Amino acid sequence: MLESIKYVIEEHIANYRLMIKVALMDSKKQTVRSSLGILWTYFHDILYMAVFILVRLMIAGNSEMMGMHSTVYLITGMIPWFFISDVLSQGSMSIRSNKGIIQSIRFPATLLPTISVMSIFVKRIFSFILIFIISFGFGYAKNFHPLLFIYYMMCLLALCLAMNLVFSAVITISEDFRQLYGSIIRVLIYTMPILWDFSRYTAIWPNVLLRINPMVYVVKGFRDAFVLGMTQDLLYSVYFWGCIVVIFAVGCFLQFKLKKFYADFV
Amino acid sequence: MEKKIEVKNLNKIFYMFDKDYKILQWIVTKKGCSKEKHVLKNISFSVDAGEIVGLIGVNGAGKSTLMKLVAGITYPSSGEVTVNGRVGALINLSAGFNPDYTGRKNIYYKGTLMGMSRTEIDHIIDDIEEFVELGEYFDRPIRMYSSGMSARLGFALAVYTEPEILIIDEVLAVGDKIFQKKSRAKVEEMFQQGKSVLFSSHSDDLIRQFCSRVLYLKDGEIVFDGDVEEGLKLYNEDIKKKK
Chain S
353 MLESIKYVIE
363 EHIANYRLMI
373 KVALMDSKKQ
383 TVRSSLGILW
393 TYFHDILYMA
403 VFILVRLMIA
413 GNSEMMGMHS
423 TVYLITGMIP
433 WFFISDVLSQ
443 GSMSIRSNKG
453 IIQSIRFPAT
463 LLPTISVMSI
473 FVKRIFSFIL
483 IFIISFGFGY
493 AKNFHPLLFI
503 YYMMCLLALC
513 LAMNLVFSAV
523 ITISEDFRQL
533 YGSIIRVLIY
543 TMPILWDFSR
553 YTAIWPNVLL
563 RINPMVYVVK
573 GFRDAFVLGM
583 TQDLLYSVYF
593 WGCIVVIFAV
603 GCFLQFKLKK
613 FYADFV
Chain D
-3 MEKKIEVKNL
7 NKIFYMFDKD
17 YKILQWIVTK
27 KGCSKEKHVL
37 KNISFSVDAG
47 EIVGLIGVNG
57 AGKSTLMKLV
67 AGITYPSSGE
77 VTVNGRVGAL
87 INLSAGFNPD
97 YTGRKNIYYK
107 GTLMGMSRTE
117 IDHIIDDIEE
127 FVELGEYFDR
137 PIRMYSSGMS
147 ARLGFALAVY
157 TEPEILIIDE
167 VLAVGDKIFQ
177 KKSRAKVEEM
187 FQQGKSVLFS
197 SHSDDLIRQF
207 CSRVLYLKDG
217 EIVFDGDVEE
227 GLKLYNEDIK
237 KKK
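Chain order of the listed sequences is S and D. Going by the working numbering, 371 is the number at position 19 of the first sequence; the sequence numbering is gapless. Going by the working numbering, 157 is the number at position 161 of the second sequence; the sequence numbering is gapless.
These are computed hints drawn from the structure, not numbers from a lab. The structure presented is a predicted model; accordingly, all values stated were derived computationally and were not measured. No false leads were mixed into what you were given.
Here are the computed lysine-lysine pairs in the DSBU-like style, where the Cα-Cα straight-line distance is at most 35 Å:
#  : chain 1 : residue 1 : chain 2 : residue 2
1  : S       : Lys612    : D       : Lys182
2  : D       : Lys214    : D       : Lys239
3  : S       : Lys373    : D       : Lys(-1)
4  : D       : Lys26     : S       : Lys609
5  : D       : Lys15     : S       : Lys609
6  : S       : Lys451    : D       : Lys31
7  : S       : Lys609    : D       : Lys37
8  : D       : Lys26     : S       : Lys451
9  : D       : Lys214    : S       : Lys612
10 : D       : Lys15     : S       : Lys381
A short list of chain D residues far from chain S (calculated; beta carbon distances all over 10 Å):
#  : residue
11 : Lys(-1)
12 : Ser42
13 : Ser199
14 : Asp221
15 : Glu226
16 : Asp234
17 : Lys239
All C-beta atoms, glycine included, are put in the ideal place defined by N, C-alpha and C.
Only chain D is shown next, with the shape it has when bound in the complex (with noise of 0.2 Å):
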């Protein structure tokens, strides 16, 4: 079967400076770092086209910084990834959107920085205007928005462009109840058209509902890469010690 995601040896180091300007020291001779930590260690797994992946562990884990190398948003460190296929990235929503401009004009400018067409765009907007339920906000500046409005416009941007592979950080929560509803009925028409997905979230019940696999994100290390209930138990037995 085809690999939609294929990571291999993958760390990331974030590096800490006491003053800003030691980064410019650092990057000529590699010194003048007060702090290395480093988020993930070593990490290898693959997801094949189709198959959805739960991505558990607790917060500072690791699972965002995770997510963000894979939509190609950050660098690693060290080590490899290949995504095979357009990739849309549920994470950050309402960034990138310039607030003077209208919900309709920021389709397209954040459209166009994700690197399609004015065609492309033409034919999902109304479709986007649809699914936003933004009824004349959508053509008004979005500095006018409410937080959850302008989500919403970047949860249907990133569902309606097509994406063959979908990255979904902690983002069912966007909107009111009814939005919520809806979103969620969205990604799930796209997990039965066979998108390969990863999928972070701290439900279980969402976990269950969707993922053939989880992987058990603990200290910047995969701990566990395997069956749905096995990981949760192992997931929820950890919580229970730390407590």
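Just chain S, with the same shape it has in the complex (with noise of 0.2 Å):
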């Protein structure tokens, strides 16, 4: 297991300017056929919050989510989604998609999971900007903190980047995994604190069921930085930080093991 977790952080290691170099390159791969290109992962996103938003407004009003507007609400929620949401289903793609170049040329096969998640981060990083405009509009510039906003940025990425290791390994290897984990995936949303609020269930149970997902932490974290200030507690933390190490050996674990199989095999 040490091992393979030196392995995978020696080849990021040695190889970051290419991972850079090609993580540009492949953030404008999927929309280059298109001539709005980026704007239309944006275009999606604000598709899809106008849905929500407008739909909670008809049934509630200008009512208030755990202290703060739902707009508000919903939008900080969804944005750090619609990244996890792309890792889940491009990331996890990255080595399948990619056979062309494991087959032809001497490419270390563990850092495509890493490029696609940079990838979608440059793809993506002005999504996060729509936060601040709807958060600011509703007048929650003074609580907008911005320690708390770089450090669940860093849990957002240090997650992406951990399962995207497991889930691209696994998905390559097996047909019946991609399947159940596609539709998992589509329902993973409304299991997190994302479209509703499941602060009112105050039972010990149901909360420690939906908390077990380490993206709630992330999902809830993003409400902390920009309205609610921290109210994570220590043992949540440390809870999330230790799921990270956990996914993070798996992932290095089944890259390390895998990568002979992947010429061969995918």
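Two chains, two frames, some hints: make the complex.
Rendered as structure tokens:
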């Protein structure tokens, strides 16, 4: 296990320039056929958010969720979610969809999951500006905590990088898992406090169950950074970083062991 | 003389699994593999600087696998492959391109993946454009290309990256006759520049024309390593026996 972690980290350090170059090129790869390019990514996001915000406004009017305007609540949850969701759907295909590269040139395959997270980050960086515009527009500028924002941004990236090492490996080798995974990520958004607020459940078990997913920590964190201030307890933070370490270690192990199979098997 | 390629006790085993997920079981417990296929058995050889070595054998003898191992595309199950210098692998020529990018952009894209800098690619891009003779198609997305056209692009990229070691897997039959002639001339030019070459072909004539030595691979083992005529004789006798 330690050997594989060391291998993956060393390979990343040795090739960091290459990764940045390729990630920058990849960030434009998907939208190269359209004339509006990257703007389509934002168009999808805005349309999706507009629907949920309008529905919420129609049902409940100018109401509050967890002590903030419902629009701000939805935006601060959905934008980090879009990032996670892109990593889950596109990032996880990073090895499968690059089989041409793996089979024709010498390229360290363990870099591919990281490159795809980086390129999704480059593509989506501007969507975070939307949170600023909307939350500041609703008068929450004084509530903004820059340090928390930076911290949770780090949490988001750490989670996505670690997760993608695991999922891209497993999806590459198992079609069954890919099917299962596809259906899980569709419903995942409803199990998290993105579109609804589960603070009203005070019983312990539902709360614990819902929080097992470390993504919840990140989503809640963005609300903390923009509106609420530090609300997450230390125990949950420790749990989150514990999860990251475990996921990362498993990811390194899988990538290290499976890299020998990719070219023969994909 | 400096050894450009050195292969020591190389083994390659393909593991086959009934169900995909059994790989996961296998990497943890080493169980669950339904069949092991030993494609390369204890291979050792070396290629000196400037030497052109032909690789002969029937389909399935392990030639392509051996070439991919030397090119660093796949990993050995055990043993060592040492390569001193930049490798230009003429394997799966049209793979690894992005269909939505133009030919030009794909050269930059794949070139970067191969570890070249932008300025290095700037230096060779005009030569490549001239060599591939795609005309205006060079600036069109390669999804519009025919298979021969994208293979030309791959060929040009591999030979213009100034490799010291060339690995050529059956690809001198790329494109139409005119391009074949051209690609053959380009490869000959590189042979004369003293590159080390590992070259597989089913054409006895090509092997005779270029190689100074042959390796005859049979069922994953090197059964002959030496003089071209002797190797080809052995190989052709084996084929006759099979018939």
